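K.L.:
Full structure from sequences and hints, please.
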Amino acid sequence: MRRVLTLGLVVGGFVVQAVSYLLLAAPLGIPTSEAFSNPRVPFAAAFFVLGVVMVFTAALVYELLPDERSR
Amino acid sequence: MAVKPLTLPWYGVGRWSGGWYAAAALALALVALGAVAYSLQLSQGEVVTGLRNVGTMRGATWGLYVAFLVYFVGVSFAGISTAALIRLLDLRPLRAVARMAEVLTVIALLLGALSVIADVGRPLRALVYLPTYARPMSPFFGTFTLVIAGYLYASLVYLYLDGRRDAALCAQRTSGRLARFYRLWAAGFRDTAEARRRHERTTFWLSLAILPLLVTAHSTLGVVFGLQGGRPGWHSALQAPGFVVLAGISGVGHLIVLAALVRWLLDERERLDLTVFRWLGNILLVLTLVYLYFTVVELLTATYAADEHETRVTMAVLTGPYAPVFWVSAGALVAAVALLGRQFLTGRYGVGLTALAGVLVNAAAVGKRYLIVVPSQTHGTLLPYGDGAYLPTWVELAVIAGLLGLGAFLFMVFMKVFPIIEVPEPSEGGR
Chain A
6 MRRVLTLGLV VGGFVVQAVS YLLLAAPLGI PTSEAFSNPR VPFAAAFFVL
56 GVVMVFTAAL VYELLPDERS R
Chain B
8 MAVKPLTLPW YGVGRWSGGW YAAAALALAL VALGAVAYSL QLSQGEVVTG
58 LRNVGTMRGA TWGLYVAFLV YFVGVSFAGI STAALIRLLD LRPLRAVARM
108 AEVLTVIALL LGALSVIADV GRPLRALVYL PTYARPMSPF FGTFTLVIAG
158 YLYASLVYLY LDGRRDAALC AQRTSGRLAR FYRLWAAGFR DTAEARRRHE
208 RTTFWLSLAI LPLLVTAHST LGVVFGLQGG RPGWHSALQA PGFVVLAGIS
258 GVGHLIVLAA LVRWLLDERE RLDLTVFRWL GNILLVLTLV YLYFTVVELL
308 TATYAADEHE TRVTMAVLTG PYAPVFWVSA GALVAAVALL GRQFLTGRYG
358 VGLTALAGVL VNAAAVGKRY LIVVPSQTHG TLLPYGDGAY LPTWVELAVI
408 AGLLGLGAFL FMVFMKVFPI IEVPEPSEGG R
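Chains A and B are the protein sequences, given in the same order. If you count the first sequence from 1, you need to add 5 to reach my numbering. If you count the second sequence from 1, you need to add 7 to reach my numbering.
Bear in mind the hints are in silico, worked out from the structure with no lab data behind them. Keep in mind the model is a prediction, meaning the values are calculated, not measured. Don't take each hint at face value.
Claimed, not checked - Far from chain A, by Cβ distances over 10 Å, these chain B residues were calculated: (1) Y28; (2) R99; (3) P130; (4) M322; (5) G354; (6) Y392.
Unchecked claim - Here are the computed distance ranges between Cβ atoms for each label pair: (7) B:L131 with A:V24: 25 to 31 Å; (8) A:M6 with B:V366: 50 to 56 Å; (9) B:L134 with A:V24: 45 to 51 Å; (10) A:P47 with B:G128: 18 to 24 Å; (11) A:P47 with B:V366: 42 to 48 Å; (12) B:E201 with A:T37: 58 to 64 Å; (13) B:L35 with A:V16: 58 to 64 Å; (14) B:L131 with A:T37: 42 to 48 Å; (15) B:L299 with A:G34: 44 to 50 Å; (16) A:N43 with B:P391: 30 to 36 Å; (17) B:F351 with A:N43: 49 to 55 Å.
Note that CB positions come from ideal geometry on N, CA and C, so glycine has one too.
P.N.:
Have a look at this one:
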């Protein structure tokens, strides 16, 4: 369970980073208005930081959660 | 708080001396001065600073605060990179400075974040708008949010996990209010072979993940300046590598000074022996030589056949109003190389001389950061405006002094509540 959760956080964190970078924020298409200066979805940057935080939280989960065997 | 007598090295934890109180009072006085100056800036606006619009007002919109933001983020570089490299390359001689390196990183990043807050006119608005409207691909986002948020979080995780074993030891040997804090930090840590293996694996992967984040972070900071094509003096491919190397210089220099201070204050000559200073001094020597090479290449490019605007900025730095800062900084770097190079060539290393080199490179780093940020704004405009000027006011100087005081105070408090040097394994000569 601990390993699954750790791996889930690492993969999930990278997915959140990729989605927020490419789908929520990248200016796709030819810029035609000032709206292209903003991310397509507000808080895309916050989601990206959340992804980074998830990846490093995996270290906490891996080290702090007890093994099922040792319980 | 009561601390029971110990058999393990305690590195001054819980020993609150008169000297500590005096130093803490001085640091807090600086913090109070900074708070007063910042409240003045908040109530009256940035007119109380030396910051003015570029061009029309012939000033600089980025000044001392941004120079120190870059400096603080640079200092943070050494901390976590040293700690990560110690784990990855198994650099046992440097293990004694790993904890102080981690703490240095966390404190430096906090000060960097506060420098950003000090720089913006409407801090609350900035805190809301940055996560709402920033785009992850922007170098500004990379610097002001990703570096400070992601990098700080990663460093805190590293410091926390790396300190669990010592926290467990402290919890066993301490009574009083701090015991709860130690138990919380230890989070049920048991010093078993399995726990150690798991910790080794975690720190290995954490180190591996942190190093690229670190290089990206410092390169991004350089890219903020280097990508601006319309700003002579900034637009350069050398900005990103230059930032990484100067970050290493200021950080390793800071670490040397801290290690020398800790050695002197705790009289800890066994763990912080000459080998530590030899390693750090040699790393600093190599980094400083690389940076001097970058400086020469940059100056050669800017003075040989550069365009009119680039030449104007370079001349302002070499012979104009910024010349004193440039030559003092360059002189400090050369002096540090002379000190460290002499030690390297003769094989005779001294703590005092290495620490002096650390002080010199940090003075040079502050000067160089100032020169990177300011001259391009006052002398590098492509628009038909005359040369500008920027001089920080007492408000900016007081805010920066307050930040430095805060950093010193946090480090001093940490030293009194947690072992600043990793408690050695019994096999390493634990007393």
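K.L.:
It remains to establish, for every hint, whether it holds in the given structure.
P.N.:
Quick rundown of the hints versus the structure:
no.: 1; hint: Y28; verdict: holds, 35 Å
no.: 2; hint: R99; verdict: holds, 22 Å
no.: 3; hint: P130; verdict: holds, 17 Å
no.: 4; hint: M322; verdict: holds, 36 Å
no.: 5; hint: G354; verdict: holds, 40 Å
no.: 6; hint: Y392; verdict: holds, 26 Å
no.: 7; hint: B:L131 with A:V24: 25 to 31 Å; verdict: holds, 29 Å
no.: 8; hint: A:M6 with B:V366: 50 to 56 Å; verdict: holds, 51 Å
no.: 9; hint: B:L134 with A:V24: 45 to 51 Å; verdict: violated, 24 Å
no.: 10; hint: A:P47 with B:G128: 18 to 24 Å; verdict: holds, 22 Å
no.: 11; hint: A:P47 with B:V366: 42 to 48 Å; verdict: holds, 46 Å
no.: 12; hint: B:E201 with A:T37: 58 to 64 Å; verdict: holds, 59 Å
no.: 13; hint: B:L35 with A:V16: 58 to 64 Å; verdict: violated, 46 Å
no.: 14; hint: B:L131 with A:T37: 42 to 48 Å; verdict: violated, 32 Å
no.: 15; hint: B:L299 with A:G34: 44 to 50 Å; verdict: holds, 46 Å
no.: 16; hint: A:N43 with B:P391: 30 to 36 Å; verdict: holds, 32 Å
no.: 17; hint: B:F351 with A:N43: 49 to 55 Å; verdict: holds, 53 Å
Checked against the numbered hints listed earlier, the structure breaks hints 9, 13, 14; every other hint is satisfied.
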